[in-house]
Amino acid sequence: MTIETSDKYQINTSDEGLCLELSGDWLFNTNPPDFDSILQQILKITPEKIHFDCHKLQKWDSSLMTFLVKLLTNCKENDIPVILETLPKGIQKLLQLAFAIPERKGAHRAILGQPVLAKIGNVTIEMHRNWSDLLAFVGELFFGFLNFLRGRARFRYSDLFFQIEAAGPSALLIITLISVLIGMILAFVGAVQLRMFGAEIFIANLVGLGMAREMGAMMTAIIMAGRTGAAYAAQLGTMQVNEEIDALKTMGISPIEFLVFPRLLALCLTMPLLCIYADFMGIIGGAIVSATMLDISFFQYFQQIQGFVPLKHFGIGIFKAGVFGVLVATAGCFRGLQCGRSASAVGFAATSAVVTSIVLIIVADAIITILCQLIGI
Amino acid sequence: MKTTPHLDISNLTMAYGDVIIQKDLNFSVKHGEVFIIMGGSGCGKSTLLRHLVGLMEPSIGDICVNGQNLWQASIDERNKIISRNGVLYQGGALWSSMTLSENIALPLTEYTDLQPKQIQEVIAYKLSLVGLAGFEDYYPSEISGGMRKRAGLARAMALDPEILFFDEPSAGLDPVSSRLLDDLILELRDSLGATVVIVSHELASIFAVGDNSIFLDPEEKTIIAHGSPKELHESSTDQRVLRFLNRTT
Chain A
1 MTIETSDKYQ
11 INTSDEGLCL
21 ELSGDWLFNT
31 NPPDFDSILQ
41 QILKITPEKI
51 HFDCHKLQKW
61 DSSLMTFLVK
71 LLTNCKENDI
81 PVILETLPKG
91 IQKLLQLAFA
101 IPERKGAHRA
111 ILGQPVLAKI
121 GNVTIEMHRN
131 WSDLLAFVGE
141 LFFGFLNFLR
151 GRARFRYSDL
161 FFQIEAAGPS
171 ALLIITLISV
181 LIGMILAFVG
191 AVQLRMFGAE
201 IFIANLVGLG
211 MAREMGAMMT
221 AIIMAGRTGA
231 AYAAQLGTMQ
241 VNEEIDALKT
251 MGISPIEFLV
261 FPRLLALCLT
271 MPLLCIYADF
281 MGIIGGAIVS
291 ATMLDISFFQ
301 YFQQIQGFVP
311 LKHFGIGIFK
321 AGVFGVLVAT
331 AGCFRGLQCG
341 RSASAVGFAA
351 TSAVVTSIVL
361 IIVADAIITI
371 LCQLIGI
Chain B
1 MKTTPHLDIS
11 NLTMAYGDVI
21 IQKDLNFSVK
31 HGEVFIIMGG
41 SGCGKSTLLR
51 HLVGLMEPSI
61 GDICVNGQNL
71 WQASIDERNK
81 IISRNGVLYQ
91 GGALWSSMTL
101 SENIALPLTE
111 YTDLQPKQIQ
121 EVIAYKLSLV
131 GLAGFEDYYP
141 SEISGGMRKR
151 AGLARAMALD
161 PEILFFDEPS
171 AGLDPVSSRL
181 LDDLILELRD
191 SLGATVVIVS
201 HELASIFAVG
211 DNSIFLDPEE
221 KTIIAHGSPK
231 ELHESSTDQR
241 VLRFLNRTT
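Which chain is which? The protein sequence lines are A and B, in order.
Per the numbering used here, the very first residue in the first sequence carries number 1; after that it's consecutive.
Per the numbering used here, the very first residue in the second sequence carries number 1; after that it's consecutive.
Worth flagging that the hints you see were computed from the coordinates, not collected in a lab.
Just so we're clear, the structure is a prediction, and the values are computed from it rather than from any experiment.
Take these hints with a grain of salt, some might be off.
Listed below are several chain A residues computed to face chain B (Cβ distance under 10 angstroms; list not exhaustive) [claimed, not checked]: (1) 67; (2) 81; (3) 93; (4) 94; (5) 103; (6) 341.
Label pairs and their computed distance ranges (CB to CB) [stated by the list, open to error]: (7) B:26 x A:79: 40 to 48 angstroms; (8) A:56 x B:55: 36 to 44 angstroms; (9) A:89 x B:56: 32 to 40 angstroms; (10) A:15 x B:66: 45 to 53 angstroms; (11) A:77 x B:46: 40 to 48 angstroms; (12) B:97 x A:53: 52 to 60 angstroms; (13) B:20 x A:247: 31 to 39 angstroms; (14) A:83 x B:117: 45 to 53 angstroms; (15) B:19 x A:158: 26 to 34 angstroms.
Even for Gly, the Cβ is constructed at its ideal location relative to N, Cα and C.
All chains, full assembly: derive it from the sequences and hints.
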């Protein structure tokens with residue numbers, strides 16, 4: 001007796017049980033029938049056994065296989081025997097393969113939403129772990145530094161020179177561009193206000209002081225965080241993925257001394273120099289605006305800066321740059337060494353390095369500024 | 001019976017810039033055949049595979065898939081031909097930011113009109129074929145190297161490819177897993193009728209699955225032996241081939 005028919009299948013019942021006649025092409029791109037409705041039809045009958053008639057079946061792909069896997073799973077749950085021998089050989093083999101290794105117990109993950117308290121707990125544990133890791137890293141760095149002072153630190157000087165070149169001269173172009181523009185912006189914003197009081201000449205004080213004490217170091221640090229800090233995190237992260245850091249450790253070479261130290265030293269040495277350069281470029285930017293907008297000659301502008309911006313302000317900026325250099329290198333290397341073992345983890349490490357660096361730069365800047373106020377410089 | 005070879009390579013020369021890797025390669029792969037590309041380290045086996053799957057353009061020569069020239073076809077046609085292939089890379093090459101389920105789903109969403117529910121069913125079936133049922137929501141970094149390789153195979157099979165390419169399938173696997181993978185390759189060939197091209201220097205696998213093969217030599221920079229691995233082992237007179245197949249120095 002025929003129960004249901006379509007161009008792809010026909011369900012017949014007889015004394016021998018249920019016969020599922022498959023016909024035509026069972027391909028994904030030829031609109032396969034609705035599996036669930038066929039299954040419901042079959043299970044409603046609850047046949048003694050199921051066999052197949054495939055002599056009209058033509059082309060087939062995983063579309064038929066997913067249906068058969070579903071059918072077999074359901075029949076197994078309902079204790080309905082299925083005569084697989086009535087299927088073509090290739091299909092039989094694939095079904096055997098699909099059921100050869102049963103699902104490992106507990107492998108399937110139930111995706112459940114986490115309660116708020118559990119989320120807060122996890123974030124707290126993660127933060128605690130992060131801080132512990134950071135402290136351990138700083139501790140190792142300190143011992144590395146002691147080894148360096150005793151001349152026992154193991155790193156290659158060629159790496160140090162390479163890192164100095166990469167962090168210093170290679171960054172000059174971007175530092176020039178950003179610093180000149182920052183100097184111009186400072187001068188432009190100040191010019192609008194100072195012109196109202198006829199105090200245009202003080203634009204030199206504004207730009208000179210702003211660049212020397214704050215903006216030169218700050219902008220250099222932010223550029224280096226995005227450029228060099230992220231590069232450090234990506235380099236060390238990729239080394240982590242490729243097990244290169246494990247290789248160093250198993251050879252008894254400290255990655256802190258071999259990898260972190262050259263990078264840290266390179267930034268400590270180059271950042272103050274880049275800061276001096278950025279100060280000078282920013283002041284030139286201010287001079288351009290002063291000369292073009294306010295009719296202040298270069299001579300007047302530089303004489304004003306020389307008279308009213310003492311060298312101590314430049315010193316404070318340079319000191320800050322050195323501190324920022326340590327922070328950017330530490331954050332970049334820390335995030336790189338903390339990196340997971342996948343490509344996406346490298347991206348996360350680089351992003352995280354930049355965010356950490358910028359936060360540390362701003363916090364350190366605030367602390368140094370307050371200390372300078374307290375000391376009176 | 002199909003008479004056109006599934007893959008036909010004629011006068012192929014591969015080079016990186018001015019450095020020739022292999023030259024004058026001529027061979028064809030029949031439908032449903034397991035074809036082995038073998039040779040010592042650095043002879044250009046993987047480079048040849050990259051040419052066959054359409055990742056690299058030949059310096060000279062033609063690569064025809066089902067009689068259609070891969071590099072004379074338009075970009076759309078070439079992409080269509082390439083999408084009918086499945087490739088298993090040495091390390092699995094799974095996308096690390098995606099779960100196994102998402103890795104297999106990507107080609108299905110790109111090249112079929114399947115509904116999300118149907119895609120999930122196909123994913124479960126493909127993972128069960130490689131013995132990874134239930135691992136849908138795992139990230140590649142959370143499973144072992146062997147499992148990554150099998151998951152890579154499940155992804156390679158997502159679109160029921162006509163040709164399956166394997167780059168060093170046994171590399172990094174223990175002997176039992178390697179043997180199981182060999183069996184799986186043969187099962188897939190027999191049940192799906194797919195053509196299989198394998199780059200390998202694992203002798204056990206070569207003899208277990210290979211119907212036909214070529215041997216590339218790094219010094220002559222061309223094919224120095226062609227035939228079934230067993231035949232080459234028994235009747236080749238070339239010392240370089242015999243040394244390789246007998247593991248002698």
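Here is what the structure says about each hint:
| no. | hint | in the structure |
| --- | --- | --- |
| 1 | 67 | 8 angstroms, holds |
| 2 | 81 | 21 angstroms, violated |
| 3 | 93 | 4 angstroms, holds |
| 4 | 94 | 5 angstroms, holds |
| 5 | 103 | 4 angstroms, holds |
| 6 | 341 | 5 angstroms, holds |
| 7 | B:26 x A:79: 40 to 48 angstroms | 58 angstroms, violated |
| 8 | A:56 x B:55: 36 to 44 angstroms | 41 angstroms, holds |
| 9 | A:89 x B:56: 32 to 40 angstroms | 38 angstroms, holds |
| 10 | A:15 x B:66: 45 to 53 angstroms | 47 angstroms, holds |
| 11 | A:77 x B:46: 40 to 48 angstroms | 46 angstroms, holds |
| 12 | B:97 x A:53: 52 to 60 angstroms | 46 angstroms, violated |
| 13 | B:20 x A:247: 31 to 39 angstroms | 34 angstroms, holds |
| 14 | A:83 x B:117: 45 to 53 angstroms | 28 angstroms, violated |
| 15 | B:19 x A:158: 26 to 34 angstroms | 28 angstroms, holds |
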